[in-house]
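K.L.:
Below, each chain spelled out in residue letters.
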Amino acid sequence: MTERLHIDQAFDKDLEKIREAILMMGGHVEHAIAQAADALEARDEDLARQVVEGDKRIDEIEEEIDQSVVSLLALRQPQAGDLRAVISVMKMASELERLGDLAKNMGKRVPVLATSVEIEGAGAAIRRQARQVAQMLRDALDSFAQLDMALATEAITRDVDVDHMTNALFREFITHMMEDPRKISPCLHYLFIAKNVERMGDHVTSLAEHVIYLASGSKVAARPKGSSTSSVHIAPEDTVRR
Amino acid sequence: MAATKWHDCAAILDALPDAAFLVGPDRRIAAANAAAQDLFAAPLTGAMALSYLRQPEAAAVLDRAFGWLQGHCARDVRLSAQIRRPGPTTDTILSFSVAPVFEDGQVGALLVVLSDTTLIEVAEQQRRDFVANVSHELRSPLTALAGFIETLQGPARDDAGARETFLSIMRREADRMSRLVADLLSLSRVESQERVRPRDRIAPADIVAATVAALAPQAGDASIDLRVEDGVQGAVVLGDRDQLVQVMHNLVENAMKYGGAGKTVRIALSREPGPPAMIRMAVHDQGEGIDPTHLPRLTERFYRVDGHRSREMGGTGLGLAIVKHIVNRHRGRLVITSDIGKGSCFAVVLPEAVGAGSAPAVT
Numbered sequence: 001m002t003e004r005l006h007i008d009q010a011f012d013k014d015l016e017k018i019r020e021a022i023l024m025m026g027g028h029v030e031h032a033i034a035q036a037a038d039a040l041e042a043r044d045e046d047l048a049r050q051v052v053e054g055d056k057r058i059d060e061i062e063e064e065i066d067q068s069v070v071s072l073l074a075l076r077q078p079q080a081g082d083l084r085a086v087i088s089v090m091k092m093a094s095e096l097e098r099l100g101d102l103a104k105n106m107g108k109r110v111p112v113l114a115t116s117v118e119i120e121g122a123g124a125a126i127r128r129q130a131r132q133v134a135q136m137l138r139d140a141l142d143s144f145a146q147l148d149m150a151l152a153t154e155a156i157t158r159d160v161d162v163d164h165m166t167n168a169l170f171r172e173f174i175t176h177m178m179e180d181p182r183k184i185s186p187c188l189h190y191l192f193i194a195k196n197v198e199r200m201g202d203h204v205t206s207l208a209e210h211v212i213y214l215a216s217g218s219k220v221a222a223r224p225k226g227s228s229t230s231s232v233h234i235a236p237e238d239t240v241r242r
Numbered sequence: 243m244a245a246t247k248w249h250d251c252a253a254i255l256d257a258l259p260d261a262a263f264l265v266g267p268d269r270r271i272a273a274a275n276a277a278a279q280d281l282f283a284a285p286l287t288g289a290m291a292l293s294y295l296r297q298p299e300a301a302a303v304l305d306r307a308f309g310w311l312q313g314h315c316a317r318d319v320r321l322s323a324q325i326r327r328p329g330p331t332t333d334t335i336l337s338f339s340v341a342p343v344f345e346d347g348q349v350g351a352l353l354v355v356l357s358d359t360t361l362i363e364v365a366e367q368q369r370r371d372f373v374a375n376v377s378h379e380l381r382s383p384l385t386a387l388a389g390f391i392e393t394l395q396g397p398a399r400d401d402a403g404a405r406e407t408f409l410s411i412m413r414r415e416a417d418r419m420s421r422l423v424a425d426l427l428s429l430s431r432v433e434s435q436e437r438v439r440p441r442d443r444i445a446p447a448d449i450v451a452a453t454v455a456a457l458a459p460q461a462g463d464a465s466i467d468l469r470v471e472d473g474v475q476g477a478v479v480l481g482d483r484d485q486l487v488q489v490m491h492n493l494v495e496n497a498m499k500y501g502g503a504g505k506t507v508r509i510a511l512s513r514e515p516g517p518p519a520m521i522r523m524a525v526h527d528q529g530e531g532i533d534p535t536h537l538p539r540l541t542e543r544f545y546r547v548d549g550h551r552s553r554e555m556g557g558t559g560l561g562l563a564i565v566k567h568i569v570n571r572h573r574g575r576l577v578i579t580s581d582i583g584k585g586s587c588f589a590v591v592l593p594e595a596v597g598a599g600s601a602p603a604v605t
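Chain order of the listed sequences is A and B. For reference, each letter of the first sequence is one residue, going 1 to 242 in our numbering. For reference, each letter of the second sequence is one residue, going 243 to 605 in our numbering.
By construction, these hints were calculated from the structure, which means they are not laboratory data. Among the clues, some could well be false.
EDC-like, lysine to aspartate or glutamate: derived pairs with alpha carbons at most 20 Å apart [claimed, not checked]:
id, chain 1, residue 1, chain 2, residue 2
1, A, Lys91, A, Glu60
2, A, Lys104, A, Asp44
3, A, Lys17, B, Asp268
4, A, Lys13, B, Asp305
5, B, Lys505, B, Glu471
6, A, Lys91, A, Glu64
7, B, Lys566, B, Asp482
8, A, Lys195, A, Asp148
9, A, Lys183, B, Asp548
10, B, Lys584, B, Asp467
11, B, Lys499, B, Glu554
12, A, Lys183, A, Glu120
13, A, Lys104, B, Glu299
14, A, Lys13, B, Asp268
15, A, Lys108, A, Glu45
16, A, Lys91, A, Asp14
17, A, Lys91, A, Asp148
18, B, Lys584, B, Glu530
19, B, Lys505, B, Asp482
20, A, Lys17, B, Asp305
21, A, Lys56, B, Glu299
Model the full assembly from the supplied sequences, consistent with the hints where possible.
P.N.:
In structure tokens:
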């Protein structure tokens with residue numbers, strides 16, 4: 001019995017370390033998303049470079065978490081709830097890593113956009129969309145900190161807003177492209193960015209779902225869907241009226 | 243033992259004006275004051291300190307501070323950093339500092355104090371945005387004017403026909419600039435009075451009648467039917483007549499612009515189910531409606547759903563901002579609803595004046 005208790009404590013301590021690492025990684029990702037959106041709006045290449053550089057640290061932390069998880073599984077051989085916790089945490093690290101990559105990708109596109117025709121309002125619109133995702137991520141990470149299922153659920157429901165924003169952006173950029181061929185190249189980059197931010201929303205949703213799984217042991221049934229960019233069609237005659 | 247000790251600390255923490263919490267040797271939050279719990283919307287106590295200070299700079303500072311918990315450090319060490327928490331429209335900027343708490347010569351805990359410096363940052367950002375927007379709005383008509391002047395001095399010097407066309411365009415651009423300047427002045431006047439409560443007894447029906455009378459010629463030109471439905475005979479609100487007319491004028495003019503020629507603009511006065519008793523002045527148009535994503539931002543200065551179209555129609559981008567400030571001054575609210583394809587409704591809801599006496603006669 002005493003030995004069992006001893007193992008439990010050691011396991012808890014290890015898991016706690018990994019949870020701290022997840023939160024720290026989350027902090028880096030939050031920072032990267034905010035910085036990338038700022039860099040995009042201000043067309044600030046230096047700031048964008050910092051985002052791209054910063055992604056290395058995020059990848060490092062993920063690597064560290066992976067190693068800790070592997071040694072935790074090997075040494076402590078957790079079962080039931082403990083095993084669930086370890087697996088969830090590992091999956092969360094990979095969601096965060098994807099989020100970091102998407103932020104990095106946004107940063108990578110800034111130099112091209114900084115030198116091409118300015119699309120009025122595009123940077124600000126993307127920043128608003130990214131802000132929505134950043135807020136979801138904030139709630140998802142906060143919910144992980146205290147295993148607050150209500151907060152995690154709230155983060156998930158807000159993904160629909162991100163989807164709606166993406167739909168609106170798709171229409172806007174397509175209209176820009178039809179108006180002026182010089183805008184096609186920057187708008188294509190913006191389209192990718194908008195889609196990437198939408199993907200970020202999906203990763204945050206998965207993150208929040210892991211929190212719910214961690215807290216309750218049950219999977220989330222269905223997630224809300226609001227994206228219709230796969231069926232957006234704008235014909236040239238639609239814009240003639242403008 | 244530790245529990246009661248932190249309990250005493252909590253009382254002191256609660257007395258602090260800023261958000262503050264104590265981090266124990268286990269790196270978890272041992273006690274947090276109400277301000278901190280409000281700030282993070284969480285109970286905090288028992289949570290890992292890193293949970294809430296996870297931003298890279300903050301985490302780095304905290305990590306160094308964790309080092310103090312191992313043993314000794316100077317009594318007066320302090321570390322500080324700034325963190326940004328994303329919010330719905332603006333981020334919260336927090337300045338935080340960490341200091342060691344000594345007991346028996348050892349570092350027993352860390353005191354983290356956070357203060358919200360968002361307002362300062364936001365004010366600065368708004369000032370920058372505003373200057374940029376105003377310059378942008380003035381620049382385009384100015385560019386047009388300068389271009390036409392150059393043409394009139396050069397190639398089109400002796401072309402009477404072109405002169406006529408150009409002069410009328412220049413007239414339109416100059417009008418646009420004076421409208422913008424007028425709206426800016428009006429906005430600053432409204433803002434400076436926002437805290438002063440209006441006291442005149444006004445009949446909403448009188449406001450609507452004055453607005454309709456002023457806009458009737460314009461409505462006639464575009465064959466727009468202005469229809470008034472007065473469901474609140476004899477109602478009175480406390481208000482500033484000129485300002486309320488401006489509100490109605492802006493809303494009806496927008497409804498006419500975006501509703502389109504040949505359509506109906508319906509102005510309906512009604513009572514909101516109270517208490518408190520409220521009067522609702524709603525302007526319905528039959529336009530194409532507004533996408534819900536735009537609704538929360540419509541009253542921002544220079545916010546436009548379709549910038550190009552709004553400028554074509556002579557909008558300054560300030561109309562609804564002025565409306566919002568006037569409505570705020572009247573302790574009312576602006577309610578915007580919209581059905582895509584069917585039309586929008588802009589409703590001003592004002593508190594009804596209680597007490598005897600009816601509205602002054604319409605003059």
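K.L.:
Can you name, in rising order, the numbers of the hints this structure does not satisfy?
P.N.:
8, 19
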